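Peer 1: The whole structure should be built from the sequences, with the hints applied where relevant.
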Amino acid sequence: MLFFSGADFAQQVVSGLSSGGVYASLALAIVIIYRSTGVVNFAQGEMATFATFIAWSLMNHMSYWPAFALTCLIAFAGGVVVERVVIRPVEGTSVLTIVIVTLGLALVFNGASSWIWGAQVKSFDSPFSTRPIHVAGVAFSIQDIGIIVVSLLLVFALWLFFQFTKVGLALRAAAVNPAESRFVGIRVGWMLALGWGIAAMLGAVAGMMAAPVVFLDPNMMLPILLYAFAAAVLGGLDSPLGAVVGGLLFGVVLNLVSAYSDFVGGTLKLPVGLVVILLVLLFRPQGLLGHTSVRKV
Amino acid sequence: MPLLELDHVYASYGGVRALHDVSLAVDDGQVVGVLGPNGAGKTTTLRAISGVVHTTGAVVYRGKRIGKSPVQAARAGIAHVPEGRGTFAELTVDENLRLGAYTIRGRADERRVLTYFPWLGERRRQQAGTLSGGEQQMLALARALMARPRLLLLDEPSLGLAPRVVRSIFELVSKLNAEEGLTVLVVEQNANVALDHSHKAYVLEAGRVALRGVSAELRDDESVRRSYLGY
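Quick note, the sequences are listed as chains X and U, same order. Sequential numbering of the first sequence, starting at 312, is according to the working numbering. Sequential numbering of the second sequence, starting at 18, is according to the working numbering.
The hints are simulated quantities; they were obtained by calculation from the structure and are not laboratory data. Being a predicted model, the structure only gives us computed values, none of them experimental. Warning: the hint list may mix true and false statements.
Ranges of calculated distance between the beta carbons of each label pair, as one might list FRET restraints [claimed, not checked]: (1) U/R229 - X/R595: 57 to 65 Å; (2) U/E107 - X/G429: 42 to 50 Å; (3) U/H71 - X/L384: 37 to 45 Å; (4) X/L384 - U/A227: 55 to 63 Å; (5) X/K580 - U/Y30: 49 to 57 Å; (6) X/L589 - U/E107: 25 to 33 Å.
Computed from the model, here is a short list of chain U residues facing chain X with C-beta under 10 Å [what the hints assert, rightly or not]: (7) S67; (8) Q89; (9) A90; (10) R92; (11) V98; (12) P99; (13) E107; (14) N113; (15) R115; (16) R160; (17) M163.
Don't be surprised by glycine CBs; every beta carbon is placed ideally from N, CA and C.
Peer 2: Here is the structure:
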């Protein structure tokens, strides 16, 4: 049914921004790895699910925020280890090889999640109440706003890190020009590992933000990863800002489309993601904020 | 003992030999030129020191074996400005300078470096890739100096630049050598300008040292000029 009320519309936008924040975090993770290694990490979603399960286990023993912080640390370390142990040996080989390795990783993490925690759906605590708050006659969910705030804080912290710290700058340098980076003394291999660690941490946060809404199970991140891909492609695979803008935009549009149309909802949301990827790749392959790749011959 | 010594160094790229029994020495406080035609092994000599190319023989810097990796060389106090500018084109001037100081603990002394490149200070926020060729070469030099190196490896700084710009770059190298005591090993195809601004020089030919000597003497020896330097 098509009926617009300002309040309802505002509510849908905020709710879209909250899923968009999750897509943005995961899209940013994809972009960070893409920029430094030139490949898309197809295991990003499954690594996030695995980390969310770890958080779920930790939350049986401690309260939410300590478990959240500990999960971030574990995810970071896990990302570094995965790069060193699994990706390192295939570094510098063909893109196809690395892509297949990440696909394999996705299967491994998916299987490990089912094996350790079982395939049944679990509920996952949220640090935010689902109670609505009323602002100017519009009811917003505190949870939605909480997710938006956490995602944006995370993105902002990362921006500060990349912009103003020595290691952050070295990470960017290693991504754009590895050969040159070695001449100034940057250990490029470790920078790649660090990038994987940061990406894994972003994924873990995305997983923990998504789990209270979509419930925790081993396949939880599959649709979210697809949306994050769509967001990253939309924003430009080599643009961190594009990933964030793309994620938020995609969340809002997807939510509005499913709220105001009869036929897109539930499972039909997925094809929308695929259609966005297809259209962007056809008409603007570099995305909204990405760079056209120029190859010097 | 020289600051840097190459002792019977051989290097090859995938089975093709690029350096053949190269021995050379760079004394502390000197500017040393490596001359020769294209493909003589000049760039490979610098790459051997930085460990970008695999070598046999010894590369000794301040009494220690180096030449394993560019990171090792950078951390030992050697700044390498590779051929083709060697700046991070996507990053800003300021970020390039900060990266130069990557191996330095604590705050880098940007101000001291900028006294040699006053115009760079006003262009800090500019993307390095948007600078002109000469400006990028200057930025590459400035970035190298940020690491407070003891030894500077300079690869073909004249490449693609106007003669006037080339002169000013070499004048700056001489100035840094005189004022900061910076030791420089410079690879250059433009023998004329390199001999004018160096203490001694090696001439490479087909991966071997064909000739060595005091720069001023090489420059003034007509037979040397005709048979090796081609001018």
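Peer 1: May I ask you to test the interface hint for U/Q89 with respect to chain X, counting a Cβ-Cβ separation under 10 Å as satisfied?
Peer 2: holds, 9 Å
Peer 1: Once the shortest beta carbon distance from U/V98 to chain X is found, is it less than 10 Å?
Peer 2: At about 8 Å, which falls below the 10 Å cut-off, the nearest Cβ of chain X leaves the hint on U/V98 intact, so it holds.
Peer 1: Tell me if U/R160 is really an interface residue toward chain X, meaning its C-beta lies closer than 10 Å to one of theirs.
Peer 2: holds, 7 Å
Peer 1: At a threshold of 10 Å, is the proposed contact between U/M163 and chain X supported by beta-carbon distances?
Peer 2: Given a least distance of 9 Å, the restraint on U/M163 holds.
Peer 1: Indicate whether the distance between the beta carbons of X/K580 and U/Y30 respects the range 49 to 57 Å.
Peer 2: holds, 53 Å
Peer 1: Take the C-beta atom of U/E107 and the C-beta atom of X/G429, compute their distance, and say whether it sits inside 42 to 50 Å.
Peer 2: Holds, since U/E107 and X/G429 (Cβ atoms, about 47 Å apart) stay within the stated range.
Peer 1: Quick check: does the Cβ-Cβ distance between U/H71 and X/L384 fall within 37 to 45 Å?
Peer 2: Cβ of U/H71 to Cβ of X/L384: about 39 Å, so the range 37 to 45 Å holds.
Peer 1: With chain X as the partner, please determine if U/E107 meets the hint condition of a C-beta pair closer than 10 Å.
Peer 2: holds, 5 Å
Peer 1: Can you verify the interface hint for U/R115: is its Cβ closer than 10 Å to any Cβ in chain X?
Peer 2: With Cβ-Cβ at 6 Å, under 10 Å, it holds.
Peer 1: Could you say whether the range 55 to 63 Å given as a hint is met by the Cβ separation of X/L384 and U/A227?
Peer 2: Once the Cβ atoms are compared, 59 Å apart, the range 55 to 63 Å for U/A227 and X/L384 holds.
Peer 1: If you take the shortest Cβ to Cβ gap from U/N113 to chain X, is it below 10 Å?
Peer 2: Where the cut-off is 10 Å and the nearest Cβ of chain X is about 9 Å from U/N113, the hint holds.
Peer 1: Minimum Cβ distance from U/A90 to chain X below 10 Å?
Peer 2: holds, 8 Å
The structure fails none of the hints (numbered hints given earlier).
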